[in-house]
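**Q** Kindly produce the complete structure, drawing on both the sequences and the hints.
FYI, in my numbering the residues of the sequence shown are 4 to 154.
Because the hints were derived from the structure by calculation, they are not lab data. Everything numeric in this text was worked out from a predicted model, so none of it was measured. Cβ coordinates follow ideal geometry from the N, Cα and C atoms, glycine included.
Simulated restraints on C-beta separations:
id, residue 1, residue 2, range
1, R84, I108, 17 to 25 Å
2, T100, E4, 31 to 39 Å
3, K125, H11, 51 to 59 Å
4, E135, I108, 27 to 35 Å
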Amino acid sequence: EDLLKQIHQLNTQINRETNQTTGVPPVVLFKKEKEHLDPLPSNAMLESYLHNISVQTVPSTLLVRYKGNGYSVNQKFIGKRVKLVPVHDKLYIYYNTQLIASHKISCSPFNYRKDDYLEALKVRIPSKEDDEINRIVQDNLKIFGSWSEEE
Numbered sequence: 004e005d006l007l008k009q010i011h012q013l014n015t016q017i018n019r020e021t022n023q024t025t026g027v028p029p030v031v032l033f034k035k036e037k038e039h040l041d042p043l044p045s046n047a048m049l050e051s052y053l054h055n056i057s058v059q060t061v062p063s064t065l066l067v068r069y070k071g072n073g074y075s076v077n078q079k080f081i082g083k084r085v086k087l088v089p090v091h092d093k094l095y096i097y098y099n100t101q102l103i104a105s106h107k108i109s110c111s112p113f114n115y116r117k118d119d120y121l122e123a124l125k126v127r128i129p130s131k132e133d134d135e136i137n138r139i140v141q142d143n144l145k146i147f148g149s150w151s152e153e154e
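**A** Next up, the structure:
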């Protein structure tokens with residue numbers, strides 16, 4: 004209890020001291036900033052965001068599934084658990100807290116990012132030259148009918 008009291012006093016003291024960079028105490032800037040902040044959404048709204056999130060293990064195809072369609076990630080995430088977060092018309096894919104891929108949500112069953120597919124093929128068929136692998140990638144992605152230039 005004494006430790007908490009000391010931490011609180013130290014925090015109060017530091018927040019009242021003038022900041023060397025801004026020339027204003029942080030507590031003053033925080034009060035001004037609070038005027039412009041919107042309130043947080045209700046708990047029901049926050050929980051609704053969480054219900055759309057799914058966690059999956061990345062298969063060897065590189066494609067994680069969202070609403071029946073596959074979306075690619077880099078081959079280094081095969082076997083890793085990733086989190087899929089849909090927001091409006093985009094699907095964001097995270098490994099831990101790192102954003103590793105984003106795709107426009109699509110009706111296509113295969114949504115490969117060209118770089119994901121290219122890197123995976125280079126690992127799987129290292130005997131092929133880069134030009135040959137690029138040709139294979141182009142041909143296969145045309146067959147799949149959908150690839151993405153997203154991050």
